[in-house]
Amino acid sequence: MTLLRLGGAFHGRTSRCSPCGTVLTETCACSGVGSAKRGLRVVRIGPVLSNGIAGIRPADSGLDTGVERTMGGVPTFPHGRPLTWADLEAMPDDGHRFELVDGVLVMSPSPRPVHQRVVARLLVALTAVCPPELEVLPAPVDVVLADDTVFIPDLVVGRREQFSKQALIGPPVLAVEVLSPRTRHVDLELKRAKFQEVGCENYWMIDYDSPWLRCLHLENGVYVEQARSDGEEIIELQFPFAVKLSAQSLVR
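Letter 121 of the sequence shown, counting from 1, is numbered 121 in the numbering used here, and no numbers are missing.
Some hints here could point you the wrong way.
[Said to hold, decoys possible] Derived Cβ-Cβ restraints for the label pairs, each shown as a range:
| hint | residue 1 | residue 2 | range |
| --- | --- | --- | --- |
| 1 | V222 | R159 | 20 to 30 Å |
| 2 | R184 | H96 | 36 to 46 Å |
| 3 | I234 | Q166 | 13 to 23 Å |
| 4 | N220 | P140 | 24 to 34 Å |
| 5 | I169 | Q196 | 10 to 20 Å |
| 6 | P181 | Q238 | 27 to 37 Å |
| 7 | S210 | P82 | 34 to 44 Å |
| 8 | V198 | L137 | 40 to 50 Å |
| 9 | P82 | A242 | 35 to 45 Å |
| 10 | Q238 | P92 | 41 to 51 Å |
| 11 | E161 | P82 | 24 to 34 Å |
| 12 | M107 | A242 | 32 to 42 Å |
| 13 | Q238 | R160 | 16 to 26 Å |
| 14 | P82 | I169 | 18 to 28 Å |
The set of hints was computed from the structure by calculation and includes no laboratory data. All C-beta atoms in this analysis are idealised placements derived from N, C-alpha and C, irrespective of residue type, glycine included.
Can you build the whole structure from these sequences, using the hints too?
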């Protein structure tokens with residue numbers, strides 16, 4: 001997962017470092033040197049943030065302020081302030097998944113087939129027993145936790161009245177993240193902490209390699225483990241509604 005703190009024009013096209021695959025970089029975390037395509041604005045890896053993820057800042061400065069679209073339809077982002085959901089909405093739809101964490105833009109790589117298989121099977125299992133006042137949806141659905149923090153969980157359960165035409169507003173009833181090598185740290189620590197902070201009642205994490213399913217429930221403002229399934233072990237959950245699951249059933 002790559003964090004971008006953008007202050008200039010974003011062209012919606014990417015260049016990658018051959019060794020590590022970092023997007024739009026000139027100097028990459030793998031210590032290899034990537035080459036940017038001609039005509040693209042280049043960004044460099046910045047200082048590692050407190051959560052251990054490398055922040056990225058624009059290679060140039062003194063750019064336009066305010067969000068506006070150029071003649072070519074390319075949005076220009078403000079320099080020197082955190083981004084907002086409005087900024088995110090102004091970005092071109094180029095197939096990438098973009099999220100905001102405290103005003104920092106986060107770009108996630110495309111998921112692998114096994115990742116999508118887990119999401120699809122969990123979606124079927126939860127939809128079959130979901131009560132009518134709730135709705136289960138897979139990514140991409142923007143979950144707006146604050147003006148500067150917008151997540152796209154792999155699967156989300158929300159109250160029907162929370163869903164607007166554009167997003168789910170406020171903490172969901174359940175957020176699910178399927179761990180992958182490039183997003184593991186973010187899902188296990190950063191997102192978990194943010195969802196706990198805003199009062200998301202349930203947070204589930206799934207590791208398809210082991211496999212295991214870990215279900216956290218909010219009690220007195222802190223996540224506690226409600227249940228855990230390792231392999232074929234079947235667990236019976238009560239939150240956000242009654243359902244029986246096993247980690248293995250989601251990956252086979």
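Verification of the hints:
1. V222 with R159: 20 to 30 Å: Once the Cβ atoms are compared, 22 Å apart, the range 20 to 30 Å for R159 and V222 holds.
2. R184 with H96: 36 to 46 Å: About 19 Å separates the Cβ atoms of R184 and H96, which means 36 to 46 Å is violated.
3. I234 with Q166: 13 to 23 Å: About 37 Å separates the Cβ atoms of I234 and Q166, which means 13 to 23 Å is violated.
4. N220 with P140: 24 to 34 Å: Check passed, 32 Å falls within 24 to 34 Å.
5. I169 with Q196: 10 to 20 Å: At roughly 19 Å between Cβ atoms, Q196 and I169 fall inside 10 to 20 Å, so the hint holds.
6. P181 with Q238: 27 to 37 Å: holds (32 Å)
7. S210 with P82: 34 to 44 Å: This hint holds: roughly 36 Å between Cβ atoms.
8. V198 with L137: 40 to 50 Å: Since V198 and L137 have Cβ atoms about 19 Å apart, the given range 40 to 50 Å is violated.
9. P82 with A242: 35 to 45 Å: Holds, since P82 and A242 (Cβ atoms, about 40 Å apart) stay within the stated range.
10. Q238 with P92: 41 to 51 Å: holds (43 Å)
11. E161 with P82: 24 to 34 Å: holds (29 Å)
12. M107 with A242: 32 to 42 Å: Holds, since M107 and A242 (Cβ atoms, about 37 Å apart) stay within the stated range.
13. Q238 with R160: 16 to 26 Å: Given range 16 to 26 Å: holds, Cβ gap about 21 Å.
14. P82 with I169: 18 to 28 Å: holds (19 Å)
Consistency with the previously given hints fails for numbers 2, 3 and 8, ordered from lowest to highest.
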